[in-house]
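Trainee: Chains as they are written, first to last, in my numbering: chain E, 138 to 428; chain C, 45 to 467; chain F, 63 to 373.
Think of the hints as simulated: they come from the structure by calculation, not from any bench.
Keep in mind that a hint or two might mislead.
[Unchecked claim] When the alpha-carbon atoms are kept at most 25 Å apart in a straight line, the in silico BS3-like pairs for lysine-lysine are as follows: (1) F:Lys204 x C:Lys170; (2) C:Lys146 x C:Lys117; (3) C:Lys340 x C:Lys204; (4) C:Lys116 x C:Lys105; (5) F:Lys242 x C:Lys204; (6) C:Lys437 x C:Lys249; (7) C:Lys300 x C:Lys437; (8) C:Lys240 x F:Lys242; (9) C:Lys105 x C:Lys117.
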Amino acid sequence: MLAYALATGIIFGLYFALVGVGMNLVFGVMRIVNLAHGDFIMLGALGAFWLFRGLGLPPSAVVAISFAVFFLLGLPLYYLLVPRLFRAAEPEMLSLILFFGLSQVIEAAVAMLFGNAERSIPSRLLGGGPVPLLGQTVPFAWAYAAGISLLMLAGVYLYLYQSRIGRQTRAIMAQREEALAIGVDIHRICAIAFGVGAGLAAVAGVFAPFMLGSFTPSIGIPLDLTSFAVIVIGSLGNPLGTLLGGMIFGVSLMLMRTYLSSFADLLPNLVLIGVLLVRPTGLLGRAVRHA
Amino acid sequence: MTIGCWLRAATCLLFMSTPALAADPPAEITIGALYAGSGQLASASVPLHAALQWWADGVNKAGGVFVKAFGKKLPVRLISYDDQSSPSLAGNLTNQLITRDKVDILLSDSTSVMTASAVPVARDHKQLLWDVTGSSPNFFSADNPYIVLLGLAATDRYPKTIADFVSQMPSLGIKSVALLYTTADYTAFQASAVRKAVQANPALKLVFDRGVPANTTDYTLLVNNVAAARPDAVLEYGYPANEIAFLHAMQDNGTKFNFLFTAYGLTEMALMRTNGVADQLADTYALASPAIYSFKVNYGLDRAQFEVAFEAWVRSHKLPGVEFGYNALAGYQAGLVIERALAVADSLDQLALRRAVFTLSGNLRTLAGPFLLAPDGSQSGEILPLGQIVPRKASTTAIDDTYGLNIVWPAELATAKPIYPAP
Amino acid sequence: MRSGFLRDMALVVAPLLVLFAVLPSVYDNGLLLLNFVVFLVLAQGLNLSYGFSGYLPFGYVGFFGAGAYGFAMLVTLAAVPPVLAVAGGGAAALLVGLLLAPLLRLQGAYFGLASLAASEALLHLIANPNLQDVTGGPYGVKLTIPYAPRLTYGLALGILTFTMALVAWLRHSRFGLQLKAARDNPIAASMAGIDIVRGRLAVWLASALVAGLIGAVFAWQASTFFPEAVFDIGFSIFAIVFTLFGGAGTLAGPVLGVLLLYGLYNAIGVSAPQYFQLTYGLLIMALVLFFPDGLAAIPRAWARRGRLADG
Numbered sequence: 138m139l140a141y142a143l144a145t146g147i148i149f150g151l152y153f154a155l156v157g158v159g160m161n162l163v164f165g166v167m168r169i170v171n172l173a174h175g176d177f178i179m180l181g182a183l184g185a186f187w188l189f190r191g192l193g194l195p196p197s198a199v200v201a202i203s204f205a206v207f208f209l210l211g212l213p214l215y216y217l218l219v220p221r222l223f224r225a226a227e228p229e230m231l232s233l234i235l236f237f238g239l240s241q242v243i244e245a246a247v248a249m250l251f252g253n254a255e256r257s258i259p260s261r262l263l264g265g266g267p268v269p270l271l272g273q274t275v276p277f278a279w280a281y282a283a284g285i286s287l288l289m290l291a292g293v294y295l296y297l298y299q300s301r302i303g304r305q306t307r308a309i310m311a312q313r314e315e316a317l318a319i320g321v322d323i324h325r326i327c328a329i330a331f332g333v334g335a336g337l338a339a340v341a342g343v344f345a346p347f348m349l350g351s352f353t354p355s356i357g358i359p360l361d362l363t364s365f366a367v368i369v370i371g372s373l374g375n376p377l378g379t380l381l382g383g384m385i386f387g388v389s390l391m392l393m394r395t396y397l398s399s400f401a402d403l404l405p406n407l408v409l410i411g412v413l414l415v416r417p418t419g420l421l422g423r424a425v426r427h428a
Numbered sequence: 045m046t047i048g049c050w051l052r053a054a055t056c057l058l059f060m061s062t063p064a065l066a067a068d069p070p071a072e073i074t075i076g077a078l079y080a081g082s083g084q085l086a087s088a089s090v091p092l093h094a095a096l097q098w099w100a101d102g103v104n105k106a107g108g109v110f111v112k113a114f115g116k117k118l119p120v121r122l123i124s125y126d127d128q129s130s131p132s133l134a135g136n137l138t139n140q141l142i143t144r145d146k147v148d149i150l151l152s153d154s155t156s157v158m159t160a161s162a163v164p165v166a167r168d169h170k171q172l173l174w175d176v177t178g179s180s181p182n183f184f185s186a187d188n189p190y191i192v193l194l195g196l197a198a199t200d201r202y203p204k205t206i207a208d209f210v211s212q213m214p215s216l217g218i219k220s221v222a223l224l225y226t227t228a229d230y231t232a233f234q235a236s237a238v239r240k241a242v243q244a245n246p247a248l249k250l251v252f253d254r255g256v257p258a259n260t261t262d263y264t265l266l267v268n269n270v271a272a273a274r275p276d277a278v279l280e281y282g283y284p285a286n287e288i289a290f291l292h293a294m295q296d297n298g299t300k301f302n303f304l305f306t307a308y309g310l311t312e313m314a315l316m317r318t319n320g321v322a323d324q325l326a327d328t329y330a331l332a333s334p335a336i337y338s339f340k341v342n343y344g345l346d347r348a349q350f351e352v353a354f355e356a357w358v359r360s361h362k363l364p365g366v367e368f369g370y371n372a373l374a375g376y377q378a379g380l381v382i383e384r385a386l387a388v389a390d391s392l393d394q395l396a397l398r399r400a401v402f403t404l405s406g407n408l409r410t411l412a413g414p415f416l417l418a419p420d421g422s423q424s425g426e427i428l429p430l431g432q433i434v435p436r437k438a439s440t441t442a443i444d445d446t447y448g449l450n451i452v453w454p455a456e457l458a459t460a461k462p463i464y465p466a467p
Numbered sequence: 063m064r065s066g067f068l069r070d071m072a073l074v075v076a077p078l079l080v081l082f083a084v085l086p087s088v089y090d091n092g093l094l095l096l097n098f099v100v101f102l103v104l105a106q107g108l109n110l111s112y113g114f115s116g117y118l119p120f121g122y123v124g125f126f127g128a129g130a131y132g133f134a135m136l137v138t139l140a141a142v143p144p145v146l147a148v149a150g151g152g153a154a155a156l157l158v159g160l161l162l163a164p165l166l167r168l169q170g171a172y173f174g175l176a177s178l179a180a181s182e183a184l185l186h187l188i189a190n191p192n193l194q195d196v197t198g199g200p201y202g203v204k205l206t207i208p209y210a211p212r213l214t215y216g217l218a219l220g221i222l223t224f225t226m227a228l229v230a231w232l233r234h235s236r237f238g239l240q241l242k243a244a245r246d247n248p249i250a251a252s253m254a255g256i257d258i259v260r261g262r263l264a265v266w267l268a269s270a271l272v273a274g275l276i277g278a279v280f281a282w283q284a285s286t287f288f289p290e291a292v293f294d295i296g297f298s299i300f301a302i303v304f305t306l307f308g309g310a311g312t313l314a315g316p317v318l319g320v321l322l323l324y325g326l327y328n329a330i331g332v333s334a335p336q337y338f339q340l341t342y343g344l345l346i347m348a349l350v351l352f353f354p355d356g357l358a359a360i361p362r363a364w365a366r367r368g369r370l371a372d373g
């Protein structure tokens, strides 16, 4: 039972990492807290619902289309919202308000157009039966989601560390002013990062109905809370730390669910606080102090 | 621009709201209602509110509702606000309905969490709260006449059927029981009644007893853990989102239990069907909610008539995501009780309305079952029978084209014996 | 210093109090007025922490909930008189604030999110069925003390006065000015040799205390409630939005933020319920995009424009 709880914790951890990584990328590059991230995930789930059930597309196509569409939607959204933010005195804090507003708008619009009832997607649309694991089984959808999550995180690594755009992105993450000084086109790079963040959220959304059982327009804020925990444990602004954060979150959740289920919501929060008290900038954070 | 100026501008907003109503004789009966148009409680609240609108529409098309106090039919006007699943906002808006809109009839939002914020406000303003589904025993006390529960039996009476049935389990060959529930007011209360019944029976063993947070939606690990305990019978209490996830997890892992009881299986069957888990409910047990079980009525439409009429109205109004189920039925039930009460109340005075509602107790039978009130205003009539969902046959009550229902408990209502173990 | 404090009290606090003391006699949605005062206290309480030490706790509602439950437990389990129990609610929040004091080592968003985790943890602890005998667990709280809307409203106004006086005092005292200097420029302040750590702890605890006090009043007024009602993250989000938009560190800013944004919120809720969430979301976005520096900056911008026009 222990081994099985650990294994499912890791599978879920991979998925939680995918849930959080988009928000973390946006925070790392732009220093803005995207409270609408959970709503992007919800929109991704809604899109997948339509692509799977309406058009009957295969899962790989749904993942690719979701990422592409949300990446392309993210670009104009960036230019519409974010540059104005940076004219303010405290963009990081102001972003909270702006994206809270956006999150409200998205939730309201979806509820009006599609209703509030729970929706889910039958797992058989992903194909495959139960996958044996340590003498028990896990749904095929879990294995598939974990695999895609790993693939996406690997993609984020390649994007950040193996491409020219990625080098510029990391330059902005490290020192925005210096990056500007050496001639990096900040808005172009940031817009791409914002688009990638939205695309990653959409892919997380594709699997949300399978991993979360069902979804409604109001799952945005709970998903934000999960994302916060995952990315803070791993370190803000460090997209790869998210992987570690996701694992720790997933394993502690599943252990609690196995042994002390009514406290299952308590432990991940305590883990977060504990990690930060030992390492104030998360497990993979650099020891920078501003004060 | 001075600060005072800003203050004035901002506070002006407070006064922009709603005209006062004419007193006597009224041009219409005003009914105030709250619903959660967004947030976690929206999926339960929206269908209920839609059914209220459907009812008000129908009443007005028929020339209004007969009000004995004025000896004539009056149109009804529904004044509804969206509380966004926020209890503190619901308090404000309830107060708005009472003090600004001066509604004749005040309805609470569905669910106990939202009703809680209306109870003290209504009591303070000596306004009767027509409590639609807020069934927490916390709301009812002998010294508060300003509340009456219309639908659902109070939470503490609800689990009686299943607790009684537990005593029959050993005779079916059930020796071990697993209990899985979400730790919310409504579900935890029922689970604790079952726990007591199991522990009181020496022939039964509780092999699994877990509460999970109400926001739990991935049940695979839990289903595996339940299966690992090898129980003969599994009782699962959750809200619809939990149950959908629970049934999905069983489906994904190909898990089957010899005896499975679910809290919402028969309550929101249409929702289960659109979520593709209705087939998982074959051979399982659930309380025969009025959404499935047709009670004999002496007033209003019966279940089947209501389902047809409501679904047609929903389609013609293009309301996305609204489905027939217990919540919709509870909205209609509220309308029916209002109709009957206005037909016998001597005046629109709040306590006169309460007296009128109490005259219905024991006399009114609607699609939600017999209407029976306890002196504190809580509902005790609707004790639901236990049903088993089986393949549809001539002898069963039809649920849909594929499935039918056997009533298995209590003995005086039973139409068949439980089929155990499930085939 | 003294004159500045008195000026703030006379020009901002006194008119606000008079306004809210008179309103109940001309406007009968008393609960809405109480909730205005609740948000005024929460906004100013958050202002104490964020405006003077730069710590923005996303989980500020944790103190509010701790106060509500501290109050409810004292009243139901120990039969403490309600007015005294309100103070007890404040003490409960103070205790939580002390427990969370180590979080002050964290910075920026880390601090904000850690405090959010703490408030969620507290909620899940209180709502746990294993604690049913102590907190009521998921079944919620039912108070049997008399419902006293006038008294609770009066208490809320008292707490508001206390909170705003604290902010006004910090704005003009040496202690407050040094803290604010440290917030805006940590290096210069540390050279000036003031004890920033102790100062930050002091405003943090003050911020916790007032949230707990008003949480207790809210609980008294609510009388029957479930854990998720007093730990609703909406309280945190609204308090943050109102404070930041009004202008942190000022006295009038958060007041204007609450009156304008919470006023509009309720006005939209009543006048356009079917488009409530959509309209309010769009409104907030528009305000941020067109007034990125908040309400406090608008008079300044107008003054500048006026000068340009004159010149």
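Trainee: Return the numbers of the hints above that this structure violates; sort them in rising order.
Mentor: Numbers 5, 6 and 8 - these are the hints that the structure violates, sorted from lowest upward.
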